[in-house]
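Peer 1: Model the full structure from these sequences, guided by the hints.
In order, the protein sequences belong to chains A and B. Note that our numbering has the first sequence beginning at 1279, numbered continuously upward. Note that our numbering has the second sequence beginning at 1279, numbered continuously upward.
It cannot be assumed that every hint is accurate.
Which chain A residues stay away from chain B? Per the calculated CB distances, all over 12 Å, these [to be verified]:
1) L1298
2) T1324
3) F1326
4) A1330
5) L1343
6) E1353
7) L1374
8) A1382
9) Q1384
10) G1418
11) S1452
12) S1458
13) T1464
Taking lysine-lysine and the BS3-like style, the derived pairs with C-alpha atoms no more than 27 Å apart in a straight line are [said to hold, decoys possible]:
14) B:K1402 / A:K1402
15) B:K1332 / B:K1436
16) A:K1463 / B:K1402
17) B:K1402 / B:K1436
18) B:K1332 / B:K1316
19) B:K1332 / A:K1402
20) A:K1463 / B:K1436
21) A:K1463 / B:K1463
22) A:K1402 / A:K1332
23) B:K1402 / B:K1463
24) B:K1463 / A:K1436
25) B:K1436 / A:K1436
26) A:K1463 / A:K1436
27) B:K1402 / A:K1332
28) A:K1463 / A:K1402
29) B:K1402 / B:K1332
30) A:K1332 / A:K1316
31) B:K1463 / A:K1402
32) B:K1402 / A:K1436
33) B:K1436 / A:K1402
34) B:K1463 / B:K1436
Just so you know, these hints were derived from the structure itself, not from any lab. We put the CB at the ideal spot given by N, CA and C, even for glycine.
There are 2 protein chains.
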Amino acid sequence: MGFMSRWEPNARGRLELAALELYSERGYDQTTVAEIAKRAGLTERTFFRHFADKREVLFYGAGMLQQRLVRGIDEAPAGLAPIDVVGTALEAATELFGERTAMAQQRQAIVAANPELQGRELIKLAALAVALADALRARGVPDPAASLAAEAGVAVFKIAFQRWASGTVERPLSQVIGESLAELKTVTAGN
Amino acid sequence: MGFMSRWEPNARGRLELAALELYSERGYDQTTVAEIAKRAGLTERTFFRHFADKREVLFYGAGMLQQRLVRGIDEAPAGLAPIDVVGTALEAATELFGERTAMAQQRQAIVAANPELQGRELIKLAALAVALADALRARGVPDPAASLAAEAGVAVFKIAFQRWASGTVERPLSQVIGESLAELKTVTAGN
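Peer 2: This is the structure:
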């Protein structure tokens, strides 16, 4: 919006698309910021106005997801069980992904092909669990319940997202998350 | 045992101890294999007979843990619920850690201080979840139940291990794992 977008309409989206294409075609390590900007028909300067480096193209979404989930936990109705507070927040946060199945799938393949990116992804997920546990404690959930509900929620998200992004299920992400959470409850009912 | 140990009694243990000391004192990046060997009163050649590199000192245990857990799942009694198969395997595997609380605590601090090691640790835990899910599927547990039980088990282990290694609980690791699993079941009972 405003001045910038009149000259560079949807620069961020074009840069992201160009980066994902190049990472898929040539590999992440072999791709430079100059090439991404060129493919997007933009300048390097514009790239760095939107992203700190080429890795951030893959991970800025994780920061947005974390903020959205923490807000979802803060705003969940009182009286919900901790695991359902997390479930509610996860389902609400799926609006961030919209219908971007193809891009999510492409991104997963890029991350999976590179141990450094894979490590980064797992660090982000671990940080997410810590942030969710903090948000639960702020609601008065004691430990270890807060940590366990947070870790369980991240596990549900991870598995549901993999299933959704792999294209093996055709249903919306929010529904796949709801199903995975129900399945986790069944699984942990145990004996 | 055998020839080597007559000349280098408990070389592996001495190298591990020396490495943990140096990583704590100087930082992981600042420590060389030559310094570790010297501190242990051994040669670099002996170091490389026991470890591929200085990182493996911190992670060889993860490979042993995975083998032990997969075996525990294979050998668990028939008829147990998947989550209890995992729980049984986790509790049995704690024999690997014995009374090494101090070393575990030191190792946790070293890994937490270094993003590369942290990423490596999380990759190992993610690989562990994949291996446990495979072992459950081999017992006939379908997906997503197998993946969810495996991820939940790894979450229980991670949280129980952190509590145990932090020294905030004085009970044996196997007991802390049992308690965390019971707590997870309560948490996921939800509404």
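Peer 1: Now tell me if each hint is right for this structure.
Peer 2: So, going through the hints one by one against the coordinates:
Remark: the non-interface label on A:L1298 is consistent with the geometry, its nearest Cβ contact in chain B lying 22 Å away (cut-off 12 Å). A cut-off of 12 Å between C-beta atoms confirms that A:T1324 is not in contact with chain B; the least separation is 29 Å. No beta-carbon of chain B is positioned within 12 Å of the beta-carbon of A:F1326; the least distance is around 23 Å. Under the 12 Å C-beta cut-off, the non-interface status given to A:A1330 relative to chain B holds; the minimum distance is some 16 Å.
Taking the minimum C-beta to C-beta distance to chain B, about 17 Å, the non-interface status of A:L1343 holds against the 12 Å cut. No beta-carbon of chain B comes within 12 Å of the beta-carbon of A:E1353; the shortest separation is about 18 Å. Distance check on A:L1374: its Cβ is at least 22 Å (rounded) from any Cβ of chain B, clearing the 12 Å threshold; non-interface status holds. With a least CB separation of 18 Å from chain B, A:A1382 remains clear of the 12 Å interface cut-off, as annotated.
Separation of A:Q1384 from chain B is adequate, the least Cβ-Cβ distance of about 20 Å exceeding the 12 Å criterion. Against chain B, the non-interface label of A:G1418 holds: every CB pair exceeds 12 Å, the least being about 14 Å. Against the 12 Å criterion, A:S1452 stays outside the reach of chain B, whose nearest CB is about 16 Å from its own CB. Chain B draws A:S1458 into its interface by the beta-carbon criterion, the shortest separation being 6 Å against a cut-off of 12 Å.
Not every beta carbon of chain B lies more than 12 Å from that of A:T1464, the smallest distance being close to 7 Å; the non-interface claim is violated. Between B:K1402 and A:K1402 the alpha-carbon distance is near 15 Å, which keeps this suggested pair within the 27 Å criterion. Taking the CA atoms of B:K1332 and B:K1436, the gap is near 23 Å; set against the 27 Å cutoff, the hint holds. For a cut-off of 27 Å, the pair hint linking A:K1463 to B:K1402 stands: about 26 Å separates their Cα positions.
Distance hint between B:K1402 and B:K1436 is fulfilled; the C-alpha atoms sit about 12 Å from each other, no more than 27 Å. Between B:K1332 and B:K1316 the alpha-carbon distance is near 14 Å, which keeps this suggested pair within the 27 Å criterion. The suggested pairing of B:K1332 with A:K1402 holds, with an alpha-carbon distance near 25 Å, which does not exceed 27 Å. Using a Cα cut-off of 27 Å, the hinted pair A:K1463 and B:K1436 holds, with the two alpha carbons roughly 20 Å apart.
The hinted pair formed by A:K1463 and B:K1463 meets the criterion: a straight-line CA distance of about 8 Å does not exceed 27 Å. At roughly 16 Å between alpha-carbon atoms, A:K1402 and A:K1332 fall within 27 Å of each other, so this suggested pair holds. For the hint pairing B:K1402 with B:K1463, the CA-to-CA distance comes to about 25 Å; that is within 27 Å, so the pair holds. Under the criterion of a C-alpha separation no larger than 27 Å, the hint pairing B:K1463 with A:K1436 is consistent with the structure, at around 20 Å.
Distance hint between B:K1436 and A:K1436 is fulfilled; the C-alpha atoms sit about 16 Å from each other, no more than 27 Å. Simply put, A:K1463 and A:K1436 have alpha-carbon atoms about 16 Å apart, close enough for the 27 Å limit, and the pair holds. Pair hint B:K1402 plus A:K1332 holds up; C-alpha atoms about 25 Å apart against a cutoff of 27 Å. Between A:K1463 and A:K1402 the CA atoms are separated by roughly 25 Å; this keeps the pair inside 27 Å, and the hint holds.
Restraint check: the Cα-Cα separation between B:K1402 and B:K1332 comes to about 16 Å, which is no more than 27 Å; the hinted pair holds. Only pairs whose Cα atoms come within 27 Å are accepted, and A:K1332 paired with A:K1316 is accepted, the gap being roughly 14 Å. Between B:K1463 and A:K1402, the direct Cα distance comes to roughly 26 Å. Compliance with the 27 Å bound is thereby established for this hinted pair. Restraint check for B:K1402 and A:K1436: the C-alpha separation of about 16 Å stays at or below 27 Å, so the hint holds.
With a C-alpha separation of about 16 Å, the suggested pair B:K1436 and A:K1402 falls inside the 27 Å cut-off, and the hint holds. Using a Cα cut-off of 27 Å, the hinted pair B:K1463 and B:K1436 holds, with the two alpha carbons roughly 16 Å apart.
Checked against the numbered hints given earlier, this structure breaks hints 12, 13; the rest are met.
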